[in-house]
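S.K.: Chain by chain, the residues:
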Amino acid sequence: MFDLKKYRKKSPWILHYNAGSCNGCDIEILASLAPKYDLERFGVLNTGNPKQSDVFLVTGPVTFRSRERLVELYTQMPSPKVVIAVGSCTCSGGVFRDMYNVEDGIDNYIPVDVYVPGCASSPELIIDGVVKALEILEQKSKEIELPKKLFGTIKEEEGVLNLREMALSVAQKSEQINAQKSEQNEN
Amino acid sequence: MFEIVLILIAPLVGGLMHGSQRVIRARMQNRQGPPLLQPFYDMYKLMDKRAFIVHPYHTILGILHFLTLWLVVALIILGTNLLYVIFLHLLATVFIVLAGFSVKSVFSHLGANRELLSLLAYEPIFIFLATGFYLFFGTYDISVIRENSTAIMTLPLLFIAFLLTIPLKLKLSPFDACEAHQEIVGGVEVEYSGVYFEFLYMAKWLEYIFVFSLLTLFAGDSILFAIALVAVVFLVANIVDNSTARVNIQETVKFLLIWGFGLSILNIIGLSFV
Amino acid sequence: MSKKIVQIPLGSQHISLLEPVKFKFSCENEKIIDVDSDVGFVHRGIERACTTKFKYDKIAYVVARVCGLCAITHSLTYTMSAESLLEGEVSMKAKYLRVLMVELDRIHSHMLCLSHVSENAGYEALFMQIMGDREPIMNLQEKISGNRVQFDYIDIGGVNRDISLSVEDDIKVSLKELRGKIEDLINEFENNYTLSLRFKGIGALSLKEAQEFNALGPIARAAGLVTDVRSESNDLPYSEIGFKIVTSSGGDIYARNMVRLHEILNSITMCENIVSGIPEGEIKTKFKGKPNGEALFRLEAPRGELMYYVKGSSKPMLDRLRIKTPTFASIPAFVEIFKGQEYANAPAILASFDPCMSCTAK
Amino acid sequence: MSSIVFLIFAPFILSIFIPLMSLKIRNFVVITSVISLATVAVNTTFSSAVSFNIPHYIHEVLVALDIFLLLYFLHRGRVQNSTLVSILAIVQLVLYAIVLNLSSAQDGLDIVVDGLSIMMYLIINIVGGLIIIYALEYIEHEDISAKKKNIFIAMLLFFIGVMNALVSANSIELFFLLFELTTLCSYILIGFRADEVATQNSIKALWMNQIGGVAILLALIFSITSYETIYFSELISKVDNTFLIPITLLIVAALVKGASLPFQSWLLGAMVAPTPVSAILHSATMVKIAPFLILKLSPAFTPFVSITLSLFGAFVFLVASVMALNKDFFKEVLGLSTIALLALMISLAAYGTPEATTAAMILLCFHAVSKALLFLQAGILEKNYHLKYISDIDSLINIAPKTLFFIMVGFASLTLPPFGAFVAKFLAITAISDQILNNPLNAIVLALLVLGSVVLAILYFKVTSKLFTKEVFQNFSKEKLAWKYFIPSFALFLLLVAGVLFMIDLKTIKVYELVVPTLLLVATPLLFKYATFKNTPRSKEYNCGEKDEFIVSTHYYEIAPKYLKLFSYIAIAFIVVLQVGGLF
Amino acid sequence: MKINKIEVTLQNVVEKITKFYDPTTTHFLTLNGVAIDETKTEIQWIFADYMKLNDNTVFYVVVDQEDVVPSIVEVIPSAIMSQREVVDMFGIEVQNSAKGLYLDEDSLQKPLSGGCTL
Amino acid sequence: MSSQFIKAFTNLFKKPQTTTYPQDAIERTENYRGLIEYTENECIYCLKCEKACPPGAILFVPCEDPVPNDKNKKSLKYEYNPWLCIYCTECIRACPKAELALTQSDKKPQIGVKGDRVNSEWTILEQLKKGV
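Residue numbers (the numbering used here), protein chains in the order written: chain A, 9 to 195; chain B, 94 to 367; chain C, 2 to 363; chain D, 223 to 806; chain E, 896 to 1013; chain F, 17 to 148.
Think of the hints as simulated: they come from the structure by calculation, not from any bench. The model shown is predicted, which means the values in this text are computed figures rather than measured ones. Glycine included, each C-beta is placed from N, C-alpha and C at the ideal position.
Stretch by stretch, here's where chain F covers chain A in the computed footprint (C-beta under 8 Å, at least three residues): (1) 41-48; (2) 111-125; (3) 132-141.
Quick list of in silico lysine-lysine cross-link-like pairs, DSS-like style, CA-CA up to 27 Å: (4) K287/C x K897/E; (5) K17/A x K124/F; (6) K285/C x K64/F; (7) K113/F x K144/C; (8) K316/C x K64/F; (9) K784/D x K32/C; (10) K769/D x K32/C; (11) K25/C x K769/D; (12) K13/A x K756/D; (13) K935/E x K56/C; (14) K297/B x K17/A; (15) K67/F x K289/C; (16) K911/E x K935/E; (17) K246/D x K370/D; (18) K347/B x K201/C; (19) K316/C x K900/E; (20) K897/E x K285/C; (21) K124/F x K144/C; (22) K935/E x K316/C; (23) K287/C x K67/F; (24) K17/A x K130/F; (25) K316/C x K897/E; (26) K994/E x K340/C; (27) K769/D x K340/C; (28) K316/C x K146/F; (29) K56/C x K113/F; (30) K1005/E x K316/C; (31) K897/E x K289/C; (32) K56/C x K897/E; (33) K145/F x K316/C; (34) K31/F x K17/A; (35) K784/D x K5/C; (36) K31/F x K144/C; (37) K605/D x K5/C; (38) K64/F x K56/C; (39) K150/A x K130/F; (40) K605/D x K751/D.
Bound-form chain A, shown alone (with noise of 0.2 Å):
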């Protein structure tokens, strides 16, 4: 009938998750969504469940104690959806970077779509990223995406799709792979 993937760009919600920021990026996301910049003229809702959310903004370079909290609620985030990298430390650790809690930018731990430089990130630049992350949620698939690396255990169940056992699996295989490439390099 017509292309439903086209409205996908004219709803996104999303959700919010601070790994550890300072949060200058965090009360910057609140003014976009206040009037003046008001990012619900794009149709954003700041619903703060996972589960409803297309988009993920997230902020802060990961703190060891935030990095199971940011996997959990990037599983439970139903495909088609992106992430948002808010700030430089969440791209890249920024100031950061290799300080002895931190691991330097979200991407290790779950595939980034969008970056937004800044430090912080003014809400320019984040109704910049927001529209840029519209694009590419456009041209998303229905798949689901799982997280680079997990934690924790999982619950056993047969007949369901799991999607913890999912995500673990893959961050299994993933290990896997990366200490047979580290034995590899070590020969």
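Chains B, C, D, E and F: place on chain A using the hints.
M.R.: For chains B, C, D, E and F alone, kept in the frame of chain A given last:
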């Protein structure tokens, strides 16, 4: 025939009202806001999304909630028994409350519980509304109520009481504790996603139709008056939404029981002296 | 009966939170009876990085990233403590400009807090209104420092950018407009019935508790505890520009809001005074030597007292940098206040503390 | 007439022989007799009204039996050290002596079977019979000797016989005897487990019910002295608007049996008994005396008594519903909702208008069926899954889908369309609304009724929703139910469904209004069973990104004890007002 | 700002602080540690007076890795957070203070102590 | 409450405060801190900016075919990561030929997508630098 078309497009009309409500809210907050058709874009997007479910019962109950609500709206449009419609609406609430409690999620539980408590706030007023019309017209039939002249002069307090329930039903401030996005992340709808969330989303639109079609009963047979009533009440509800904070659920129930229900009783008692 | 307990999480991700902090409320119905908190989500290891990774003259930029909201106070406190270990004198103009920026930052931070409180109390329109009113201040900050949030304005020896005449005029105009808006807000916070239901008497901290838990900043002042570091030190020219301590009583959310609103008014006055009386001089002077010895500095950040302890031994790397942030001290007080409150009020109470978790965990 | 005699005497005779039988024979005999009782009860609906006198010599036997019974109570009071029981027994003995002195040989009809009695027969024998079949299985899981098990079954049968007699009695004197016999039955059954709590509660039930006995005897004395009759039919036709005290005293007796406030504690204490006892007390027997008696007496009410009683009933309805909200013990919740609904029936019956009476009667029937169904499930939960408290019942849908289904139907049938209770409430609202223009106080009754039914609805959904709560990954298991558990439950379910058809016949509500919700309710379990969403991915619940498990639970609603006391005082005040109203 | 440094011992620190601390006029700022060398750490209890110009009081003691620092939570309840922080950061045991305020199991342990090298 | 009532109502007829950003550009302030721009010919390869940069967003990595510049004795190549830069302008203050070799433009940085040299590729450069 006209009725059937009306029933079929009821969710769409509700969607339009929801859209315009979002636009008006944005304007009242001094910002541009989403396009008018935003709810429909949301709907298409949700259709396109892959959905996660928690367990099938939860999902089924959500869908049943939507269907029951549509049925309620259909029965109102067809002009059946008002009291019966209100009880059937209770059934719709039951489904959503059961759905909320059926998952082991804290926020869903909190939301469902608030939903139950809010039942205590609005259901008595609705039943008294039916009673008021019954005493005035001698019947519960909506079609009869629609064919006679307006009852608003005889039931002014009931009308006010009914107005008080509107923010509660439409999840508008100050009585939006059931949804309370900042506290319980949407309450019962928190565990729905994708196309299954759409049913809940559209159920919200149907609530608009439900509430406003009950409101038009006060207008009697005058269509112009009905439209004016809906427009004014819609605007006032939005203004109130944008000038009040959310009061918590206990206060809501207390306020509606004392003021809303109290006024309804007064009006009914008053009828016997007239 | 343990059967009746409900556990409600607030965080680490929650719509009402800007930062990751985890509270696990054990509730009876919705009444909180016990609180379990975890505040370590944002720990990045800045204190260590400042002694191993960055030289003393870069640290001002690093510590600014401890917290985006009070970034300027962080860099200023560090800079002042480092300057006290070096040889040199900061010009009066630089001091004035520093205070101007700190006070503008306080205005925007307080306004953000107020808007966040009203958002968490379910008053979206007021949130939007305050955020809209806050934009001119953000604009001013961008005009002065070039960035809206992380100003990177203060460096050892002075400030990085001069202020032009046109910006001065802008500041005057914007602040004048803002004063009227703030007065409207005070009226709204005082008189809106639904807001008073959510704020008055909720989340109260008594004076005794405030002293016992060493609460600081607006929280303490709202409880009637007279403390403000701005009057406890004479390193910055606060006494010359019309600083006044704002206190209130009651210690509830309403009192905290009132303290913030009146502090904004006071900050506006101070900024206006600064802009009309900036002395002539260099914006930056050269400082000599490497930091040597111990220094301890305190400054009033928007959330309360901020303390830096710096120890150096004539090397480019410091020996120790200790940051004590305002929120860090208040966490035991938070936990105490939550007990006995309704969960429905918890997000608003939390926001009214204006907690800064990235400060806390560093 | 023969069928009536059969209904009354067959259970008595059987109950004498059952203790002597072996297990298999007992089961066979009980089941056949229950079926025949039910058949006969159904048969009575086709016969016209019956009335007859019992022979004179049986009268003498009955008087002796009565005195013996009262002496037994006195004895129990002394054995159990309960002064209240003893005193009340003595008072009754004295009053009974006065009655015997006053009443010369009267020539009225001792047994009158009217439509109301026939309806009660149906409830007692069908619902009660099903409960007895259920009890056959239930009692086998009880840790007692075979002989005691037999006695238990015998007592239940005996109880049914007593009830059958009670609803056909026209003589107040005979009614008194039967009333005391139900007291005796409940006393023995509540104390059946013979532990300390059971004994205490049985004594409590005994003395409270004896108050009812005292009230009847007083009523009898007034009736004889003022109106010179000991028959209900004559009393009702003769009674004078200015002196209503016999009627109001009989109302007190009804309130005692109906466990209305302030007498609610005996019925709640009855929870310690084995579940079939609760089931039979709550649905088919005992408490149903209350609305039955009010329905019987309502033609004699003055408007004052009528409005006071309906206000009182509506008040108790609301208060009991509110009290039920904070209870965690499943049977207690059911018990309080019984009290509430009985009060509603009383309230409606007090109006005496045709619509109100119809509503009360529909409620009476369907409440019996629904409550029986629910109590049976409570017993199954207790015996099969060791679940007694609502807060323990998680994911019942996976463990016990059949039981859950019956519980759901039970609760739904008490409030939702298309079931009988809904139609009754619908009628009730209409009936009371009709009265509002006559007397504004009826608006208060309506308000209380509406509030109460919303509170009850909240209660039911709160409880049922707890049963649904389920984790994401949990397997569905098949439930095995013993046939003696399943058949009665299923039969009761069929009765509820048949009730819907009956409602169509009633024509107060349109057909589609019943069909539409029926379809929805039928669709629900079918969807639950067949829509499995196999290929949709599952994800865990949203817990703010945390992975910990959080304790979730439905809310409870505490009412302060001082309010409970206040409610009791208000209830007592109502009763006093009622008596005063009877005097003038 | 001026610092008044007062040396104490692990034994008498609680007593001295109890004597010094008056909640109506003074507040506790923080518990600070400064690594002196690989094993020795200086522990500082920092106080400041309300509304007094440039007044800071520091109680300090030099401790070894193995020493147990007494807890002052009894006197100053708000000290609990900074005590937990010191436990995490320096690996020094403080009475009745739990580990794990900031650091997870697999992150770098006692990062600020003298013995820690990355 | 009443003042807010009126405000909500009058706002309905006012022009909203919202900018029309993606369609119309936002006005830049004079101090705007945008992208750091580098002019290869002017550079004297003193590496002061590299040392001054707090996050290390400027790297001079060894390369095989550098742009011909006689100051570039170690054959280094300027690399800049806008997704790591914190825009503090410290490099420009450190630069001896500020405004010539290294300038702060008022261009805003570009939004990165997959495949841009944001993180893992930048790590390779860093390792290359360390190797020298």
